[in-house]
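Number of protein chains: 2
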Amino acid sequence: MNPNPVPKARLFIEAPLSAGALLALDEKPSHYLSHVLRLKEGDSVALFNGRDGEWRATLQMVAKRGVTVQVAECLRPHRLPPDHWLLFAPIKSGRIDLVVEKATELGVRGFGAVKTARTVVGRVNEERLRAHAIEAAEQTGRVEVPELFAYRPLEGWLHGWDVSRRLVVCDETGSGQTPSVALPPHRGQKAALLIGPEGGFTQAELERLRALPYVVPMTLGPRVLRADTAAIAALTCLQLHLGDWDEKPAFRTTGA
Amino acid sequence: MNPNPVPKARLFIEAPLSAGALLALDEKPSHYLSHVLRLKEGDSVALFNGRDGEWRATLQMVAKRGVTVQVAECLRPHRLPPDHWLLFAPIKSGRIDLVVEKATELGVRGFGAVKTARTVVGRVNEERLRAHAIEAAEQTGRVEVPELFAYRPLEGWLHGWDVSRRLVVCDETGSGQTPSVALPPHRGQKAALLIGPEGGFTQAELERLRALPYVVPMTLGPRVLRADTAAIAALTCLQLHLGDWDEKPAFRTTGA
Numbered sequence: 712m713n714p715n716p717v718p719k720a721r722l723f724i725e726a727p728l729s730a731g732a733l734l735a736l737d738e739k740p741s742h743y744l745s746h747v748l749r750l751k752e753g754d755s756v757a758l759f760n761g762r763d764g765e766w767r768a769t770l771q772m773v774a775k776r777g778v779t780v781q782v783a784e785c786l787r788p789h790r791l792p793p794d795h796w797l798l799f800a801p802i803k804s805g806r807i808d809l810v811v812e813k814a815t816e817l818g819v820r821g822f823g824a825v826k827t828a829r830t831v832v833g834r835v836n837e838e839r840l841r842a843h844a845i846e847a848a849e850q851t852g853r854v855e856v857p858e859l860f861a862y863r864p865l866e867g868w869l870h871g872w873d874v875s876r877r878l879v880v881c882d883e884t885g886s887g888q889t890p891s892v893a894l895p896p897h898r899g900q901k902a903a904l905l906i907g908p909e910g911g912f913t914q915a916e917l918e919r920l921r922a923l924p925y926v927v928p929m930t931l932g933p934r935v936l937r938a939d940t941a942a943i944a945a946l947t948c949l950q951l952h953l954g955d956w957d958e959k960p961a962f963r964t965t966g967a
Numbered sequence: 712m713n714p715n716p717v718p719k720a721r722l723f724i725e726a727p728l729s730a731g732a733l734l735a736l737d738e739k740p741s742h743y744l745s746h747v748l749r750l751k752e753g754d755s756v757a758l759f760n761g762r763d764g765e766w767r768a769t770l771q772m773v774a775k776r777g778v779t780v781q782v783a784e785c786l787r788p789h790r791l792p793p794d795h796w797l798l799f800a801p802i803k804s805g806r807i808d809l810v811v812e813k814a815t816e817l818g819v820r821g822f823g824a825v826k827t828a829r830t831v832v833g834r835v836n837e838e839r840l841r842a843h844a845i846e847a848a849e850q851t852g853r854v855e856v857p858e859l860f861a862y863r864p865l866e867g868w869l870h871g872w873d874v875s876r877r878l879v880v881c882d883e884t885g886s887g888q889t890p891s892v893a894l895p896p897h898r899g900q901k902a903a904l905l906i907g908p909e910g911g912f913t914q915a916e917l918e919r920l921r922a923l924p925y926v927v928p929m930t931l932g933p934r935v936l937r938a939d940t941a942a943i944a945a946l947t948c949l950q951l952h953l954g955d956w957d958e959k960p961a962f963r964t965t966g967a
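For the protein sequence lines, the chains are A and B, in the order given.
To convert a position in the first sequence, counted from 1, into the numbering used here, add 711.
To convert a position in the second sequence, counted from 1, into the numbering used here, add 711.
The following block holds chain A by itself, in its conformation from the complex (with noise of 0.2 Å):
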């Protein structure tokens, strides 16, 4: 038997994790396990938790109120995406699913919606946003999920806004810079991307945010983005130039 098999899945969870504990797992993931993944007492899946970097588990007990798991050793030690925010005005939910996953794979570390005055979705579903981002998490490889901020209007974000921390805003009427000269290449730079309603911001808001001294607007080039289309290619400037892409993937922990 190998003694250090491959985790046949990656999982949050709420609980610590050190070495030797036991843990029964909620009914979610029990049934994930159980019923879906169809594992069996000994196999192995990843934990985490967002505080206690990753650990593998093995299965101890697969009965019909829930799985048990052993905590076995520790197989990356906790740590954080760069300090990059995801700010966006409220899309319709398929899209705003979508760009949750895809800032989560892409490393953002905390997303939040901003109300603008053009913004028409009134209420965003903050659970349901944040089952997305623990999904993502999971598949993506992160020992951690994205925090998701509250939501609330463009005023109140910029209110007691930390000046260190960079706010690109696209602009999507032409006036911004390219991202190269947006976003010199700056590893370790704290950054906040900010992406406007269907409609666009309008003129008074952009003027608001061109006047602070901590705001960089960005153009992404001479074509019409949808909203969610600009956040990934955004993030993915962001990633390029002031996050951590010069390092190589981490292992694969899933057995697929």
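The set of hints was computed from the structure by calculation and includes no laboratory data.
Quick caveat, the model's predicted, so the values are computed rather than measured.
Treat the hints with caution; some may be incorrect.
[What the hints assert, rightly or not] In silico lysine to any residue, SDA-like type, Cα no more than 20 Å apart, as pairs: (1) B/K719 <-> A/R937; (2) B/K959 <-> A/G885; (3) B/K959 <-> A/P933; (4) A/K803 <-> B/Q850; (5) B/K719 <-> A/G910; (6) B/K719 <-> B/Q850; (7) B/K959 <-> A/E849; (8) B/K803 <-> A/G885; (9) A/K719 <-> B/V835; (10) B/K959 <-> A/E846; (11) B/K959 <-> A/K959; (12) B/K803 <-> A/P864; (13) A/K739 <-> A/R841; (14) A/K959 <-> B/T889; (15) A/K959 <-> B/L917; (16) A/K959 <-> B/Q888; (17) A/K959 <-> B/R937; (18) A/K959 <-> B/K719; (19) B/K959 <-> A/R921; (20) A/K719 <-> B/T884; (21) B/K803 <-> A/E846; (22) B/K803 <-> A/D808; (23) B/K739 <-> B/R839; (24) A/K719 <-> B/G911; (25) B/K959 <-> A/S886; (26) A/K959 <-> B/K803.
With the hints as your guide, set chain B onto chain A.
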């Protein structure tokens, strides 16, 4: 009355476009203009056919059997986006539709599906992909629609490859170079991006590809990206370093 009103829609059509031409639109665009957008006689639309640039046209007759338009002046000349292709192992339909939409917005000139050893999706609905590409081209302000190449095996693509076209292989094993190294800035460089299937390329495929003089293996950071995320992020890198993102957006032609 404004002599040059802002077009209220952008449509791709097949017919030739020239000043004064009278065109009877097909059933689908007729329905869209008259029943979905509820345009009236005298309203303006923008038309493009992939050969003659973009033209303003005025609705002449909105009747039960269809809409007739008269072509007015040319709004923008014909142009092609950077000579970049996206080659991808087919993935499930929702995700492939998304990739076609985003790739069109990001300015890909052509795309095609590739059969690899681990490709599990056997059929590619080219008509459906073409419809998505047309819709995205209308939305994003292109004056043409990206070309859709026939589905074929990897070896079929490599056979007779134009060696002046760089083949950028998204290598999720981590042995590729970072985008900045893999894609030194070179506006006008012909390129194709190759994205493997969900299970990745086989070792034999990777060795075959890496041995080719025009292949550049590229790694997109330390996290595991889904195939669709990798395609969108890698196309963004291509645009940044080899494409036209130093240009400003074209004027918006929709009245929205």
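Q: Against the earlier hints, flag every one the structure doesn't satisfy and list their numbers going up.
A: Hints 7, 8, 9, 10, 11, 12, 18, 26 are the ones this structure does not satisfy, whereas the remaining hints hold.
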